[in-house]
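Enquirer: One-letter residues, chain by chain:
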Amino acid sequence: MALTIVSQIFPREMIPAVLPLIEEKLQHSKEIIRRKAVQALYKFHLIAPNQVQHIHVKFRKALCDRDVGVMAASLHIYLRMIKENPSAYKDLTGSFVTILKQVVGGKLPVDFNYHSVPAPWLQIQLLRILGLLGKDDPRTSELTYDVLDESLRRAELSHNITYAILFECVHTIYTIYPKPELLEKAARCIGKFVLSPKINLKYLGLKALTYVIQQDPNLALQHQMTIIECLDHPDPIIKRETLELLYRITNAQNVSVIVQKMLEYLQQSKEEYIIISLVGKIAELAEKYAPDNEWFIQTMNAVFSVGGDVMHPDIPNNFLRLLAEGFDDENEDKQLRLYAVQSYLSLLEIENAFYPQRFLQVMSWVLGEYSYLLDKGTPEMVLTKLYRLLMNKSTTSETKTWIMAAVTKLTPQALSSKTVEKIIQEFSVSLDTCMRQHAFELKHLQENVELMKNLFLVDKSCEDLVVDASLSFLDGFVAEGLDQGAAPYKPHHQRQEEKLSQGKVLNFEPYGLSFSSNMSSSGYTGRQSPAGISLSSDVSGNSAETGQKETNSLKLEGVKKLWGKEGYLPKKENKAKNNPELQPVPQDSTLMENVDQMMIKKEQSQALHHSEEEAEKQRLASTLFVGLGSESAVSLLGKTDTVSHKFRRKSKVNDTKNRKVTSAHNINCSSFSPLSNAPYEDNNHLNNFQDKGDTGLKKCSLGSEFLESSLKSDSLTELDLVENLSVCNLSPSSLFEDNSMEIFHPPQPTLSSSATEISLTSSLLEELNEHVHSDLVELCNNEMITVSSCKIWKDDSLLLVWMVANKSNLELKSMNLEITSTENFKILEHPGFSFPVIEAESTTSIQHCVQMEKPFTEEGLSGYVKYQMEEDPCIQLEFSLTISLLDFIRPMKICTEDFGKLWLSSGNDVKQNVKMPDSQANLPFALKTLQQKLRLHIVDIIGNEGILACQLLPSIPCLLHLRAYAGIVALWFRSSCSTLPDYLLYQCQKVLEES
Amino acid sequence: MIKFFLMVNKQGQTRLSRYYEHVEINKRTILEADVIKTCLTRSKEQCSFIEYKDFKLIYRQYAALFIVVGINDTENEMAVYEFIHNFVEVLDMYFSRVSELDIMFNLDKVHIILDEMVLNGCIVETNKARILAPLLILDKMAES
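Here the protein sequences come in this chain order: G and C. All residue numbers for the first sequence refer to our numbering, where the first residue is 86 and numbers rise by one. All residue numbers for the second sequence refer to our numbering, where the first residue is 314 and numbers rise by one.
Simulated from the structure, these hints should not be mistaken for laboratory data. The structure displayed is predicted, hence computed values, not measured ones. Each residue gets a CB set at the ideal place from its N, CA and C atoms; glycine is no exception. Check each hint, because a few of them may be wrong.
In silico DSSO-like pairs for lysine-lysine, Cα to Cα no more than 27 Å straight-line [claimed, not checked]:
| # | chain 1 | residue 1 | chain 2 | residue 2 |
| --- | --- | --- | --- | --- |
| 1 | G | Lys220 | G | Lys951 |
| 2 | C | Lys441 | G | Lys146 |
| 3 | G | Lys168 | C | Lys316 |
| 4 | G | Lys115 | C | Lys441 |
Just the calculated beta-carbon pair ranges, DEER-fashion [said to hold, decoys possible]:
| # | chain 1 | residue 1 | chain 2 | residue 2 | range |
| --- | --- | --- | --- | --- | --- |
| 5 | C | Asp405 | G | Lys115 | 24 to 32 Å |
| 6 | C | Asp405 | G | Val1076 | 54 to 62 Å |
| 7 | C | Glu413 | G | Lys115 | 30 to 38 Å |
| 8 | C | Arg328 | G | Tyr1050 | 53 to 61 Å |
| 9 | G | Asn378 | C | Lys366 | 31 to 39 Å |
| 10 | C | Lys366 | G | Lys168 | 17 to 25 Å |
| 11 | G | Leu306 | C | Asp386 | 24 to 32 Å |
| 12 | G | Lys146 | C | Asp386 | 27 to 35 Å |
| 13 | C | Leu420 | G | Glu116 | 22 to 30 Å |
| 14 | G | Gly276 | C | Met406 | 33 to 41 Å |
| 15 | G | Asp152 | C | Asp405 | 21 to 29 Å |
| 16 | G | Trp380 | C | His424 | 51 to 59 Å |
| 17 | C | Gln374 | G | Pro194 | 26 to 34 Å |
Next up, chain G with everything else stripped away, as it sits in the complex:
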């Protein structure tokens, strides 16, 4: 009884106390008690998987228990564990297959039968496990084919439960590596389901079809008629499932019909959840397959008006971005926008029509940006419509701000418009402070004709250059900047403004919302300010070259966008930006206080960019640079990182990317050339010197090659650039060694053409000796290629180097290496790489910097390599690499006092006693083991107690207090991260017990 309770409610903290008792019960003679014990362990596994890690062996024993019940109970644990990490349990496939065979073959006692089907739920469970194990793995799937065939055959009885098993079978067959024969059988099975008069079976059949159709769309053709029937079925759930099915088979030809059906359904349904999910799907389909502009706009209109305010904010944002960024063809863009503008105008013409707020926001943005495309309509007309919206009582204040922004954008096109004046008049006395601000801005803007003209010019040029999002975005930004130039005494407000204009294009919605509350906006100000500085410095830096201004501010936007999520990156960027122009000045703590002031000035300088305020900028620059120190090495690293981030987000066609990279490089170069920073010049000089003079040295020649290649702006070399730059920034004395070391491995591709794999490997490793690294592990191979990898434990990150060796004597085309992203890892560069050609018998290497998102003990990082040989179809090869927590643990070198402080400030602690073999149970030995195997840093040893410290990358500290007595070592962990101590404890236990 107690065990039942345990498995139902149990606090996490008590597990260590009860665990031994339950482990004992696993050996009990009565099967019911054994079963309960396993269930209790399952519960433990659910709530705290890391605390039962050491008894995995016992689960295996339970799986082989002579009693079926105990075995069945252990299956739950396995299902869960396999779901998390299928690769670790591949070896158990055999046992699962045998068990299933026995069950299907009727070897179980009769009382397990349910309507003469042997243990159906057990079968379903096993099928599910096999499906998980065999997924994308031909070898494991091979084992399961027989038993699946058998189950399909056996389950011919016509009872509901057999259908359930059949369904699971079909599901499994389609998840594992396909085998044509089985697929055919499964398809026949599904046919039976779908055609069945029983409604429940029909539903199941449709659900099975959705799985199947992704692999084999032809099957849908067979059941065409049934699907059509189901579409008009009175039962909404059947309809829903059918739509799901259609969603999967959508292509460019049938998209309009399918979306039509979906919209019909959408209009009938009331349920919020259904609307949200369906609206998302429609929007996705419309974006992917839209046959023409009109249809696209109309569909999106329908989506917006039905989906209204419940839909996901990404949808309108994506839509606007699509409009702004456009396609390859400029004419097409214009048409699309024109059509959008027209359709919105006609929608707004209808009196008393009610539209959701989101839709209105989209409308006002589009009208503000693109109504100039309209030939016959004057801005005045648009303004009148917007004015009417503005006066509407049901419009929320957020929407009003959107509209107001649109009005501001339109004002230059309709000078001295009466509507604008009316708006200004009415809202200058508005109770809503925000609206009032807007009105005042507008007023000032109107008064200053000079500025207005400026704005007008900038506006136009941006609009004409409609190629990518950042420009139109810039347009709004510049407009606001100008605004502020006229009214610079409202720093707070202007930041909100900016935020708002960003929000329109750049998914900044959450922040956009926050402007109405003073609290959050001030918080935001604080966080935004570093980016602001970078902005201003940038402007001043480029004051001479107006041509580059756009590119630069474009980059800055990318930074700002990053700021919300990546936190520290922009700050580094900002330093990087300032760096070229700075003399190393001691860090000034008043920096932050100055920020507000700087913000204003920045705005001013931007606003009056073309006009006379040059002197102002000079002053601004000087005020700015007092506050900043130089931390070049880190900052440049950060900077290029941000750039690469931006690429990932915006990743469009390759050539735009290249263009951007080039521009980034240009900026780098330009920022370097005028620099007055002595070390910099030295570095550059040294570099050049190396390149030219020291050609005898292979490494250096590689370095120069690398420099050239990086300027060619290959996305791959982005990382290389980072390293190169960071090296440049090191002090001149240490430059030489570091440089050669660092620069060497990036240009691997160039070298590889001549080198053989082995020599390459060895040379690579040799060069990387500076960092600790693992041996080269072969991950997968076939007759053509071998993929191997090695981990490099750098001080600040984990670097993974992948090497793809072409063993054949043919050249491989369009090689593609992609790493599947998981929730636990973050790969800092773009996760996929492609090479147009790998020559015969050569090797290529790629490196990734990996960061941990949340702690874990071990996790597989998987990916695949795709390549093409001559005219053959693409061949795909999968691999996976296990990364353990230890790869991210680095020693933390602190002194005893710091340790004390940190110890007190860390909240989460875990204690555990570990038994050691008698002979070795002394403190020095334990410390040494931990230092060597886990790379912990020994802080101090006091009597029989020792303290150690380590950090989890990027910077989560973990402290360990260790006391040894009578063959037992007491470990006591503390960390600011709640889960880290548990994982680390597990690792420590493992090494200490092994030793």
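Dock chain C against chain G, hints included.
Expert: Structure of chain C alone, referenced to chain G:
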């Protein structure tokens, strides 16, 4: 996994409810009322599976009593549908021709049975003899 298990009669009174995920008490009442309303509006010809918010409801009617199970999308609908029947068969076996009254007055026993069968949202035991074994031992102890 199974999110909740409900037994409700036609009048909308809840006879038994068991949640495998934390739901606030006042939200439970709303949920139950809502669920039974959706189930009652459906005719016999309609599918026994309903999509409700972000999960699915599987229901089966026995005379005036509805058994409704809420599951997420990892579960096999048909298997759960049959599992409900299995549960009723077990009740039938224990109470010999089970009725709503049996359930009302022996709620503790029904709970014991259910807990034997479902644990943490997973179906753990379907063998009738084994499900009833602990309960029978308890009964024996109570008698002596």
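Enquirer: For each hint, tell me whether it holds in the structure or not.
Expert: Hints versus structure:
Of the supplied pair hints, the one linking lysine 220/G and lysine 951/G holds, its CA atoms being roughly 18 Å apart against a limit of 27 Å. For the suggested pair lysine 441/C and lysine 146/G, the alpha carbons sit about 25 Å apart, so the restraint of at most 27 Å is met. With a CA separation close to 19 Å, the supplied pair lysine 168/G and lysine 316/C stays within the 27 Å bound. Straight-line distance between C-alpha atoms of lysine 115/G and lysine 441/C comes to about 18 Å, which keeps the hinted pair within the 27 Å bound.
For aspartate 405/C and lysine 115/G, the Cβ-Cβ distance of about 27 Å falls inside the hinted range of 24 to 32 Å, so the restraint holds. At roughly 56 Å, the beta-carbon separation of aspartate 405/C and valine 1076/G lies within the given 54 to 62 Å, and the hint holds. Between glutamate 413/C and lysine 115/G the beta carbon distance is about 35 Å. The supplied range of 30 to 38 Å therefore holds. Judged by the Cβ atoms, the range 53 to 61 Å given for arginine 328/C and tyrosine 1050/G holds: they are separated by roughly 59 Å.
Range check, asparagine 378/G to lysine 366/C: about 36 Å between beta-carbon atoms, so the 31 to 39 Å window is met. A C-beta distance of roughly 24 Å is found between lysine 366/C and lysine 168/G, which places it inside the suggested range of 17 to 25 Å. At about 27 Å, the CB distance of leucine 306/G to aspartate 386/C agrees with the hint of 24 to 32 Å. For lysine 146/G paired with aspartate 386/C, a C-beta distance near 33 Å keeps the hint of 27 to 35 Å intact.
Here the CB-CB span from leucine 420/C to glutamate 116/G is close to 28 Å, well matched to the stated 22 to 30 Å. Hint check: glycine 276/G to methionine 406/C, Cβ distance near 37 Å, so the stated range 33 to 41 Å holds. In this structure the hint that aspartate 152/G and aspartate 405/C lie 21 to 29 Å apart at CB holds, the actual value being about 26 Å. Hint check: tryptophan 380/G to histidine 424/C, Cβ distance near 57 Å, so the stated range 51 to 59 Å holds.
Distance hint for glutamine 374/C and proline 194/G: a CB-CB separation of about 32 Å, consistent with the stated range 26 to 34 Å.
Taken one by one, the earlier hints all hold for this structure without exception.
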